[in-house]
Amino acid sequence: MVQPRPAVPLAQPWAFPPESRHLLDNGIEVLLYNRPGQHITSTRVLVPAPIAVEPREVEGVAAMVARTMDEGTLRHSADEMAELFEVNGIAYGAGYGARGLTVETESTAAKAAQGWALLTECLQEPAFPPEEVSRHVRQRLAEIEHEDASPDMRAAKECAAVFYDQRSRASRPAGGTAETVGGITAARCATFHSRWIRPEGATVVVAGELDEAQVLRELSATIGTWQVETSAPQDDSLAALVAEGETRVRFVHRPGAVQTEIYLGSLGPDRRVAGGWAPYPALSFVMGGSPNARLDAVLREEKGYTYGFRSVFRPRSEDGMFIVSGSVRSDVTVEATRLTLEILDNAAAGFTEAETRAATDFIGKTAPARYATADAVADEAAMLRSNGLGTDFISSYLEQLALLRAADLDAAWRKWVDRPRTIVLVGDADRHAAGIRELGIGDVTVV
Amino acid sequence: MRPHYPIATHRLDNGLRVVVSPDHSVPAVAVNLWVGVGSRHEQPGRTGLAHLFEHLMFQGSENVAEGEHFAALLAQGAQMNATTWVDRTNYFELVPTGALELALWLEADRHGRLLPALTQGNLDNQRDVVKEEKRQRYDNVPYGTAYAELTSLVFPEGHPYHHTTIGSMEDLDAASLTDARDFYSRHYRPNNTVLSLVGDIDPDDGFALAAKYFDELTNPDVPSDRPLAAPLPPLIGPGRIEKTCDVPSDRLYFGFRLPAGGTDDFITAELAFDLLAGLATSRLYRRMVRQDQVVLHASRNAGARIDGTSMGALIVDVADGVSVERVEEGVAEELHRLAKEPPTESEMAAALADVERWWLQSLAQPDERADVISGNALLYDDPDHLNTYLDRVAAVTADDVAASAATWAQPESAAVVVYRTEEN
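Quick mapping for you: the protein sequence lines, in order, are chains H and A. Each residue of the first sequence is one higher than the last, beginning at 1 in the working numbering. Each residue of the second sequence is one higher than the last, beginning at 1 in the working numbering.
Hint data in this document are derived by calculation from the structure and do not stem from the laboratory.
Just the calculated beta-carbon pair ranges, DEER-fashion:
id : chain 1 : residue 1 : chain 2 : residue 2 : range
1  : H       : Thr230    : A       : Glu422    : 48 to 58 Å
2  : A       : Ala229    : H       : Ser20     : 48 to 58 Å
3  : H       : Arg314    : A       : Ser362    : 25 to 35 Å
4  : A       : Gly144    : H       : Gln166    : 26 to 36 Å
5  : A       : Glu170    : H       : Glu147    : 29 to 39 Å
6  : H       : Ser20     : A       : Glu422    : 51 to 61 Å
7  : A       : Thr178    : H       : Asp165    : 57 to 67 Å
8  : A       : Thr263    : H       : Arg5      : 38 to 48 Å
9  : H       : Ala434    : A       : Gly144    : 25 to 35 Å
10 : H       : Ala243    : A       : Thr178    : 53 to 63 Å
11 : H       : Arg56     : A       : Ala174    : 49 to 59 Å
If you want the footprint, here are the derived chain H segments under chain A, 3+ residues with CB under 8 Å:
id : segment
12 : 9 to 22
13 : 84 to 91
14 : 143 to 152
15 : 282 to 294
16 : 326 to 339
17 : 365 to 375
Even glycine gets a Cβ: it sits at the ideal position worked out from N, Cα and C.
The following block holds chain H by itself, in its conformation from the complex (with noise of 0.2 Å):
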């Protein structure tokens, strides 16, 4: 027979798991994360300095310069430095984000101080051989194409260029553009590194299952050795400054697309909001989480338009964004983009309590097993820590979500629903662009 649906009994409490808090003699700081089971070591070095700080007319040479440290040091040959990393089956990644430097290694426990000397010697003494660099910059040209090919890519980087003033770096592409790309020399690599790639303020994070004093001793003889001789530069530049005045709409033109991608961006919060950061992510969720969110339900469940829409509350270090992301079939591009304003323009009616808890549930009840592997854990601390935040964070959010009502959902929703907003429409504009003018929600530009 068939049995009666199941009840659920209450999940047990859970928080992120403690780290263990060291300096090195250099002054760099290690946050170590126990994870007993673990196979595989997880390692985040973070450098703090400001993308902001790249000189304009070479904007993505902090980017080339995550790229290509390991390129060749003084010691190795680029060739050898790759064969190095991969013999040991050590997984290394460096990138560029807003805020600085982030230098990864994957591998076996056994191979994690292995990984930790070839990293600091793509840190301290990366050669920066002009083929290498060249190559590189070659290969990042061309990946500026494919993602302008990209509808949602292109739509994202239209979006920030719009939503951002001009003056702030964050109103341009984190990797540079074709044009400051194509001025990236080796020796432009090597000044920036020189300058802002130091041991001063730099985090490790380790995650994995850990011996702590053996760690610490392997990290000491490691990255601990990690000097520079010069004084550290001051930074005074400008990040991300919001463009001014009323709802702008850009529509890049794609003759005979089969789909408009929409993409909306207004002004959010960071993480340090007034009153908690706990119910942005419900407001994501609430509205663009799932198929049964208020997106979804009318756009794919209901009327089909769509494979899927989504929401989220992206911060900043300071301020962030609201974005709201999908696409749907060319011929109801004036429709579904309608559609899309008035059911957030609904949300200020109010949200239930019913769609309050299913939120706080979800994000809540996912924590144990979104981290439960070692790469998320470090992923998510250094993270954090690049944001100047301790993994405590996640605990004490988690907590204040627990608590949340309907009405702190609704106050949250209030504070940022009138500010600047940008939409952006990546489809057929011989077709549509009329329509979306008739629509009266701003300023259309085709581009």
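Assemble chain A onto chain H, guided by the hints.
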């Protein structure tokens, strides 16, 4: 280093295979079901039906209202999804321990009692959603249809793998409610399904819960599958598709037939593809990307398939100002060379170390572990594969790799798809 995850297996009277792998480090359980139905089971004129059906499985069942499957599980902190591929459809959720029974009840309802909730309205709505999925992932992105074109060259007309899982717009339009009902009745059945539970659960408890919720599911009298196809030899006189269209750079796809999944021969071929284009020290990457700089990026994939023959692919993006022909010649030379010059000791060491790391890293996630267990239990009757795979990889010699490349990965047996930019 080798994993030693515990594996316990059990079969219910109705044929459902159940695998439990306890791990109490996180208060959660990965629930994972693989059903032995994929696009290779579709009939001509009805491509895309297996995947469309996967969508219908979220639209309610006899005791579960439309939208309730998602709502009930999300509210308990489940992370869930489903995917369809050529050989199978999988359904999975990672749930807090307390929600395990609810998850099993919901799964049993849709895997055994879906038809009362299957309506024309649900079918029409999800057909529209799937068409938007096809447009978003394939039709509206550069090179989006290249893989389908390559597949159609590797497998002949009429072969179960000739068409891709997403199907065609015409066939999606043609799918009727009767097609959907028949498809479910034939393929969704306990003796064509594996259920894996990985995480905060012990074997006896897991087996008892599986029996409690799945015992009453029954099998129809019709067989769910036909015998597997005979293996295909490497392509002779392989086909070629050339397109000039709005893409950012010239790109070449090379497609090869490979041995069926579950065999040591397939594992050897997989390693050959790693040695060609899986690493920064791989031969194509080292020569064409790093040394000659005629290619911007090279990648490979080798996907195991059960129906006699698998498929491997090499994908290279041509650098600006370099001719497609020059790159094609370079790739051909490296394929010939791998057949004649076995990989060096350090090439083999790098490939093995890379497999070891990504294998252990992906298995760190209970949901990934459950997926590997279900898949290998369903298709290859090998639930212990997650523990033995690295030993099988380590047993491959450099000479094996060269021999595999000589048989399976030569330019003379490569189907080719070329995308050229419009300005050339």
